[in-house]
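Asker: Here are the chains, one letter per residue:
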Amino acid sequence: MSEAAIEVRELYKEFRIKDASIGSLKTLLMWWKKRSVFEVKVLRGISFSVSPGECVAVIGKNGAGKSTLLSLLAKIYRPTSGTVSIQGRLAPLLELGAGFHPDLSGIENIQFNAVVLGLTRKQVAERTQQIIEFSELGDHIYAPVRTYSSGMTARLGFSIAVHVDANVLLVDEVLSVGDYLFEQKCLAKVAEIRAAGGAILLVSHNLETIRMFADRCLWLERGVMRMEGPASEVIPAYLASDSESATASQIRAAP
Amino acid sequence: MLDELKELWRFRELLLTMVERELRVRYKNSALGFLWSFIIPLTTMAVLTFVFGYLQDNGMRSFSAYILAAYLPYLFFQQSIMDSSQSVLQYMPLVKKIYFPREILPLAVILGNFVHLLFGFVVFFVYLLVVWLINRGESPFQPTTVLLPVLFFISFILSTGIGLFVAALNTFYEDVKYLTSVALYLLFFLSPITYMSEQVAYSRINIKSGGLIYNIYNLNPIAVLSTAYRQILLAPQGIPVNGVKQVPIMLDPKYLIWTLFLGFATLFGGYHLFNRMKWRFVERP
Numbered sequence: 000m001s002e003a004a005i006e007v008r009e010l011y012k013e014f015r016i017k018d019a020s021i022g023s024l025k026t027l028l029m030w031w032k033k034r035s036v037f038e039v040k041v042l043r044g045i046s047f048s049v050s051p052g053e054c055v056a057v058i059g060k061n062g063a064g065k066s067t068l069l070s071l072l073a074k075i076y077r078p079t080s081g082t083v084s085i086q087g088r089l090a091p092l093l094e095l096g097a098g099f100h101p102d103l104s105g106i107e108n109i110q111f112n113a114v115v116l117g118l119t120r121k122q123v124a125e126r127t128q129q130i131i132e133f134s135e136l137g138d139h140i141y142a143p144v145r146t147y148s149s150g151m152t153a154r155l156g157f158s159i160a161v162h163v164d165a166n167v168l169l170v171d172e173v174l175s176v177g178d179y180l181f182e183q184k185c186l187a188k189v190a191e192i193r194a195a196g197g198a199i200l201l202v203s204h205n206l207e208t209i210r211m212f213a214d215r216c217l218w219l220e221r222g223v224m225r226m227e228g229p230a231s232e233v234i235p236a237y238l239a240s241d242s243e244s245a246t247a248s249q250i251r252a253a254p
Numbered sequence: 000m001l002d003e004l005k006e007l008w009r010f011r012e013l014l015l016t017m018v019e020r021e022l023r024v025r026y027k028n029s030a031l032g033f034l035w036s037f038i039i040p041l042t043t044m045a046v047l048t049f050v051f052g053y054l055q056d057n058g059m060r061s062f063s064a065y066i067l068a069a070y071l072p073y074l075f076f077q078q079s080i081m082d083s084s085q086s087v088l089q090y091m092p093l094v095k096k097i098y099f100p101r102e103i104l105p106l107a108v109i110l111g112n113f114v115h116l117l118f119g120f121v122v123f124f125v126y127l128l129v130v131w132l133i134n135r136g137e138s139p140f141q142p143t144t145v146l147l148p149v150l151f152f153i154s155f156i157l158s159t160g161i162g163l164f165v166a167a168l169n170t171f172y173e174d175v176k177y178l179t180s181v182a183l184y185l186l187f188f189l190s191p192i193t194y195m196s197e198q199v200a201y202s203r204i205n206i207k208s209g210g211l212i213y214n215i216y217n218l219n220p221i222a223v224l225s226t227a228y229r230q231i232l233l234a235p236q237g238i239p240v241n242g243v244k245q246v247p248i249m250l251d252p253k254y255l256i257w258t259l260f261l262g263f264a265t266l267f268g269g270y271h272l273f274n275r276m277k278w279r280f281v282e283r284p
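As given, the protein sequences belong to chains A and B, one line each in that order.
The first sequence begins at 0 in numbering that gives the first Met the number 0 and counts up by one.
The second sequence begins at 0 in numbering that gives the first Met the number 0 and counts up by one.
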């Protein structure tokens, strides 16, 4: 077994939330005034690893900590404690197109985003044509990104992310944004990256997609790992617990 | 701090791309585009020449050149800091979605402004050349001009240090931007940009204080830099004080050393603060 592509050990993350919404100098100057600070423990000791060529899905209800986990893997947050190590180049597909500048054309955004993801400018120049072709945006590529529809933006973001030679892909509910044909094309591309030894971590509410793709499933509940195993075992358990709690609340609601 | 610098070096391609983008976006939707970088110093020069050559002739030869030599570096300082203060907030959508060393954001806007400073000085030298070709007097170009990169360096580290401070603080406390803009506005009048530092040295209050006022005045790094740029780029000439021409005073190097020290201190302090705060940018409420 080769070294894991993603290795997460005892990962904890808590956010300190202050009651004052936007910070101002006033809150800084009035330090003597007590501010209620409360801590939200979003992740409480998560450990797992993903091997090269493996696709692991993360499921769980809203607020279970799925997005926080992906953000920690993408190095957007720093863990409160625990470690995250990634072997190779990571391409996060968290809410596609968020890194675009609306006033720049698609092609200029390609150049910028691909460099953010770790290509050199020379490599970007070589691949720009490929990226444009994959996105099927045609002449729109010369128009500012603010004129794009959300589907077009997603196409562009996806095309860039799959052309940067990433061997770790973080996918957050993005496969559903394009039209059906493009979605199929994306899934094929993801499968191709995976066949070439790429590791994929997928967060989705679409259990059908997960059944099709994921080798393993992690079920997060309120920041802890409730269950880990093959999708065929975890998904039924997840659904069962869901209907269980739904019935439980129905019973409680009943007079 | 060493690790942070290594990480920054690893992302140098991104920094270069950001600077390019900075230069391109600024004038993206304007018809004249990049020419604006030249138009601002050019029009400033034209208005200064008219005002100080004809409307308010203070008796100094080509006073407008003396103003521009100090105004261009001030403009760089001011713009760098104001742009830095917004740099992280402006790219918040990107910061929330993707990792890269956050200091690239203020650094890119500062480097972008530095390029504009260079354009400004191109206009400045062309102006000197044109005036010389028309008047055919003594060459206006000073051999000390070779020291210009030294002053650029000091201006750059000072702006970067303060820019990093302001960028980090303004991300959490948005009043910092307003405080900074007031401070920069006042600094303009407290620095010898529209007047000469010799006029401060020859002022009655300074002479009465035994030179103390002039010393305090030169604690301001922008005051020192304004005088320094002027003195390496332009010939010294008599300074009119109360209708009497006084001899020019060369800047004491001790002020320049102080400014250099201040530059390094703000650079290290600013970078340290920025690194301490940068992980919390995304957790901003």
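There may be inaccurate statements among the hints.
With the C-beta cut set under 7 Å, the calculated list includes, among others, these residues of chain B facing chain A [unchecked claim]:
1) LEU13
2) GLN85
3) LEU88
4) LEU93
5) LYS96
6) TYR98
7) PHE99
I should point out that these hints are in silico values taken from the structure, not numbers from a laboratory.
All residues carry an ideal CB built from backbone N, CA and C; glycine is no exception.
Asker: Take the hints in turn and mark each one as holding or not.
Answerer: Hints, verified against the model:
Given hint, LEU13(B) at the interface with chain A, holds; its Cβ is 5 Å from that chain's nearest Cβ, closer than 7 Å. Proximity of GLN85(B) to chain A is violated relative to the hint, the smallest CB-CB distance being about 14 Å (cut-off 7 Å). Because the smallest distance between the Cβ of LEU88(B) and any Cβ of chain A comes to about 11 Å, over 7 Å, the interface hint for this residue is violated. The criterion of a C-beta within 7 Å of any C-beta in chain A is met by LEU93(B), whose closest approach is roughly 5 Å, and the hint holds.
The interface hint given for LYS96(B) is met, as the beta carbon of that residue sits about 4 Å from the closest beta carbon of chain A, less than 7 Å. For TYR98(B), the suggested interface contact is upheld, since its CB lies about 4 Å from the closest CB of chain A, less than 7 Å. A cut of 7 Å between beta carbons decides the hint on PHE99(B): the least distance to chain A is about 6 Å, and the hint holds.
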